[in-house]
Each structure stands twice: as structure tokens, then as C-alpha cells.
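Which chain is which? The protein sequence lines are A and B, in order.
Counting in the working numbering, the first sequence runs from 2 upward without gaps.
Counting in the working numbering, the second sequence runs from 2 upward without gaps.
Just so you know, these hints were derived from the structure itself, not from any lab.
Glycine is no exception: its CB is placed at the ideal position from the N, C-alpha and C atoms.
Some hints here could point you the wrong way.
[To be verified] Covered by chain A, per the in silico footprint, the following chain B stretches (three or more residues, Cβ under 8 Å):
# : segment
1 : 76 to 82
2 : 170 to 179
3 : 248 to 259
[Claimed, not checked] Dumping the calculated DSSO-like pairs for lysine-lysine here, alpha-carbon to alpha-carbon at most 27 Å:
# : chain 1 : residue 1 : chain 2 : residue 2
4 : B       : K274      : B       : K179
5 : A       : K227      : B       : K9
6 : B       : K179      : B       : K227
7 : A       : K274      : A       : K298
8 : B       : K227      : A       : K9
9 : A       : K227      : A       : K179
[Said to hold, decoys possible] Here are a few chain B residues that sit away from chain A, every Cβ distance over 10 Å (derived from the structure):
#  : residue
10 : A73
11 : F103
12 : S126
13 : S228
In case you want the letters, here they are:
2 protein chains.
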Amino acid sequence: MEFDLIAKYFTRATPDAVLGVGDDCALLAPSPGMQLAVSSDMLLEGRHFSPQDSPAGIGHKSLAVNLSDLAAMGAAPRWATLSIALPEVDDAWLTAFSRGFFRMADLHGIELVGGDTTRGALTLSITVIGEVPPGQALRRDGAQAGDDIWVSGVLGSAAMALAYRQGRLFMEQIDAAKVLPALYLPMPRVELGIALRGIAHSAIDISDGLLGDLGHILERSQVGAKSIGARLEFSALPTLPVVQSYLHEAVARDCVLAGGDDYELCFTAPQAKRDLVLTAANDAGVSVSRIGHISAKPGLTVTDADGQSLIIEHTGYDHFAA
Amino acid sequence: MEFDLIAKYFTRATPDAVLGVGDDCALLAPSPGMQLAVSSDMLLEGRHFSPQDSPAGIGHKSLAVNLSDLAAMGAAPRWATLSIALPEVDDAWLTAFSRGFFRMADLHGIELVGGDTTRGALTLSITVIGEVPPGQALRRDGAQAGDDIWVSGVLGSAAMALAYRQGRLFMEQIDAAKVLPALYLPMPRVELGIALRGIAHSAIDISDGLLGDLGHILERSQVGAKSIGARLEFSALPTLPVVQSYLHEAVARDCVLAGGDDYELCFTAPQAKRDLVLTAANDAGVSVSRIGHISAKPGLTVTDADGQSLIIEHTGYDHFAA
Chain A
2 MEFDLIAKYF TRATPDAVLG VGDDCALLAP SPGMQLAVSS DMLLEGRHFS
52 PQDSPAGIGH KSLAVNLSDL AAMGAAPRWA TLSIALPEVD DAWLTAFSRG
102 FFRMADLHGI ELVGGDTTRG ALTLSITVIG EVPPGQALRR DGAQAGDDIW
152 VSGVLGSAAM ALAYRQGRLF MEQIDAAKVL PALYLPMPRV ELGIALRGIA
202 HSAIDISDGL LGDLGHILER SQVGAKSIGA RLEFSALPTL PVVQSYLHEA
252 VARDCVLAGG DDYELCFTAP QAKRDLVLTA ANDAGVSVSR IGHISAKPGL
302 TVTDADGQSL IIEHTGYDHF AA
Chain B
2 MEFDLIAKYF TRATPDAVLG VGDDCALLAP SPGMQLAVSS DMLLEGRHFS
52 PQDSPAGIGH KSLAVNLSDL AAMGAAPRWA TLSIALPEVD DAWLTAFSRG
102 FFRMADLHGI ELVGGDTTRG ALTLSITVIG EVPPGQALRR DGAQAGDDIW
152 VSGVLGSAAM ALAYRQGRLF MEQIDAAKVL PALYLPMPRV ELGIALRGIA
202 HSAIDISDGL LGDLGHILER SQVGAKSIGA RLEFSALPTL PVVQSYLHEA
252 VARDCVLAGG DDYELCFTAP QAKRDLVLTA ANDAGVSVSR IGHISAKPGL
302 TVTDADGQSL IIEHTGYDHF AA
């Protein structure tokens, strides 16, 4: 099935593997005593990226969104496989795609050890494998009432960039340039995830929007029939200044709370560990913001600066209903 | 991205995982001291299966072809991820597909621990992870001059079944029933692969046809500039009787030597271990046939019963040139 694409574009030395591309399987020697974190994502042209997107950017982002899952687990990236369906062998496209892919791989020390190529509509399917010490993974199900809620980076930029690219929002080029990287070149918070081991009670990456993803933490952290809830303060949510300057209030709120594609980490940690969280973020070179807290009362409330409720969501709804 | 399909059709208890479906990553505890064998395959409707195919059969085969890669490595199956693009949520299709998938999973003790679902043309992307003791994996690069060449099961049945299904070959229904399982319900030779640890020098699964896949062993087992070759005796190749009764000689030869989709193991082992090979096959409940030997002389020759050359192939050609 491989029509020699793998050898030409996707085979590099894999010093971190016992055996890399070229056999029926890759052979890997996991570090003694570590657990494996494994995640798979599939990206389709026309749905997750557009035919006009830069192939190097697609290479970057396809691996970045997978690395973001490892980050949300606090796992250190080790190995990846890439399965790719292509309508034709386009040398320029493949060269640029693999350059973007490997640049992201090198940045986080992950090795491409296998995969598959076939002819078909452009489809990318990636599996990443990372390592984390037993008991130290940042799971979705560990949030506790009283925890602070934190997010990394800024929110809403990717949603704004998408609206701009689709012609639904006018922006000056100099301002568009501030949000476009969030959409096309997201940076997975791998170092932050690792630094939060032993500090955060729970974590998730914000791929579907803050409210939806925080909702997943609440659902999974429920103990028996005992639900927990979240209280967010809208003014504490980190955004770029352009969000306020270009968007009506309600639209801005939607971008920030439910925009998705941000690939930041949302995590909870005990109040007693605020200093440790800030130190971890500083060491990882990422800004973090404390945006609210986990409460014993179910539901998800967002309040304005005066303490008035802006939005109340009940967890457990289907975020993907058509 | 999951639109709740994962919870409904693909979430079962995963006692063999620390954490299964439902978080950013699955968490797995590999067995101490074992190496991991990892393989990924992508299957597209219209290319690897047809819209008319039974969804339970597609579920079976999609996992079986991946397990076949673990078998060819001598690895014991442990965990799998499944990413699936679907044009719509078809309850009957998904129910049948997941039944076929999990039946195959249960047969080989592999657990589905993660994946992704999205909307798009029907596409299946699976990654399997198995375990093998260090130094005992059956690689493609270990063949040595003097080794016997063996195959499991019978060859050519899947190619014949495909020709029948596509209307290119007439067969009585009772005879078609003998070859159709090879195409739709291939059985990966997992137990045989494990039993051949420490016995076989090299192995590959026959997904692209015997000659092409044996060619991969020859290419990879080359030591420096020193090539090795293979001599096969055509009459020793195992086939079902229907192959001879329905096909002209040249067509039969093509089906058997290059038909593909057989998912049998082709492996080499020293002559001194013939008894051990037969015992391993017997223990695994699979028939094996000794079909030729590895020679110090490069090239791939197939001879008839009189020792006349039928076919001479030179290794290193592109099996996938259009």
C-alpha cells in the first residue's frame, strides 16, 4: 500500500526506537516503570483544514493537536505513527507537509516510527504515544470542590481567525496576524503538562471550547451521584486585546467560552498550590490565568465582574448534537 | 469531535488498561521488560472494501489486517485505537461493525482503548500495540542463506474471491463459499507468530502477494552490498483445490504468487529447526508449507516440478508503480 512515499518523505533515523519504519511493526522499548499515554486523532480536508491551507501548516497542526492530548495528560512525547490518504503523489505538497510535521516532532522530541499511505481523499490519522510515571497522569476525573480553575495562554483567538479566514469578520491585516497563528500554528502545552504533574488535580485540552471541555471534567469528576460544578468569572478569562476591539460583546463571549480549536490546557488545582502552579507555568514559559473555581454545587456558571450570572450551563448535554 | 458515538458503540470495560476511552489519552501499563510492537493501517471504502460489504465483516477485517502485522512480528496483541470517519450516524451499520470488530478483538485479547470519530467518507484507521520479549521479534531483516522458506495456510484464495465478487470469474456457489472467507474474514496468524519466536529468522505477512512480500524480506535482509535470493518451488505452494479447477494455469499462478490480501505469514527458518516449525504450527492450529529456500545468489526464482524456471524476479523493483 505504501507506493514508496514512506521511504521518500517519512523515513528518518529513529534513534529512540528499537526499529522504526520499514517492518510489519515498529519496535519500541518503553522506559522501565513508566505508563504509556496513547491518543489518536483523524483530520479530514474540508472539515479540519481547507484545501487552501499551507501544507507545512497542516503538517504542524496535525501533530500539534495530538501532542496537545499528551500535554493534557502530563505525558512526555515519545513516538508517533502517521496514516495518510492522498489523492495523488504531489511532491511539493508532501515535501512541505513533512517539513512542518517533523519540525513539530523535533520541537517535542517525538519520533515517527510507522504508519500507512494509501490513495484517497486527503485524510490524516495520527497516533501518539507518550510516557508518564504511574499515578501522575493529569486525568479528567480528579477535579475536587474547592479547586481553582486555570487556563493557559489566551482563549478565542482561533475562533476569531477562522471567522476572518471565512470572510465572516473584517480585520486589519496587522490585527489578523495576531490571531492567525492560534488557528494555523497552535503550540501544544507539552512542557506545562509535564510541569503540572503532582500539582493539578485534573486537566483537559481546549479543543472543543472552554465550556464544553470544562464540562467534560465536571462529568468525569462526579463521584457516584454527587455532581460538582464550576464558577467562572468572565473578566478573568485571558484574551488578546483584539478580541474586545473587533467583536460585539455577545460574539466575543461566544468565541472565548465556546470557540474551540484553542489547544490550551484547562486544569484544576488546590488553592494551596497556587504558587506551585505559577512556578510550573513560568518554568514552562507559558502564561496561566486563574479563571474560577470548582464548587460543590452542580452546574456551570459564568459571572460578570459584579457577580451577576451571564450564563448557566448544565453539564451532561450533548455538545455535538447537530 | 466525538458526537457521542464512542460512548454508545465503542466503549466497553478495559480491564487490561489503567484508563480506557474517555480522557485525552488512554493510560497503559506495559509488562515489565517487554518491547512494544506498534502498527497502523488505514482502510478506505471503495479501495479496501466496498459499500456492499457486510459491516460486521468490515469490523472483523479492519482489525484482522492490523493483528496480522503483530502476528508477523511475533507480538502478543494488547491494545488498539480506532479512528473512524462516517458520512452519517447509521445505527444498524455501527452496531454490526462494532460487533465484528469486538468479536475479533476478543478472539485475540486486544482491548480498544481510544480513538476518534468524525464526519466524512467512510475511513477506518487503526493502531495496534502488542508486546514481544526483547530480541525475539520476527523481523524482516533476519533471513539467511540456507534458510527454508515457509508459508502458513493457503495462497490465492482472497484474489480468487475478489475476482468472483467483481464478476470477473464464474464459480459455483458451493465453491465460491470456499474462498470467500479468505477475502472477508481473514484470520490473523497471531498464535503462529508467537510460537515462532526463537525459531524463525524472519517473517512478514502476505498482504501484497507472496513474491512482493518475500521480496521485502530479501531487500531488508541484505547485509551491506551482499544480496540474498530466494528459490521457490511452485508445486509446493499451498492452495485450495478450487484454484486449479477454475483457473487457467497462468491465472492461477498469478493469484497464488501475487494475489495479495491473504494475510498468511511467510517466514524463514534454519533447516535444523524444521521439526520445531512443524510443532509450533501444530500448537497454533495452523498448517504450514515449506515452499523453497533462501540462497546466496540474488534474485527470486520460481521453478516447476522439473526444476525449470517459471519466473525470475529481481528484487528491489517498485511493487506499486502505477
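Output the indices of the hints that this structure fails to meet, ascending. 2, 3, 4, 6, 9, 10, 12
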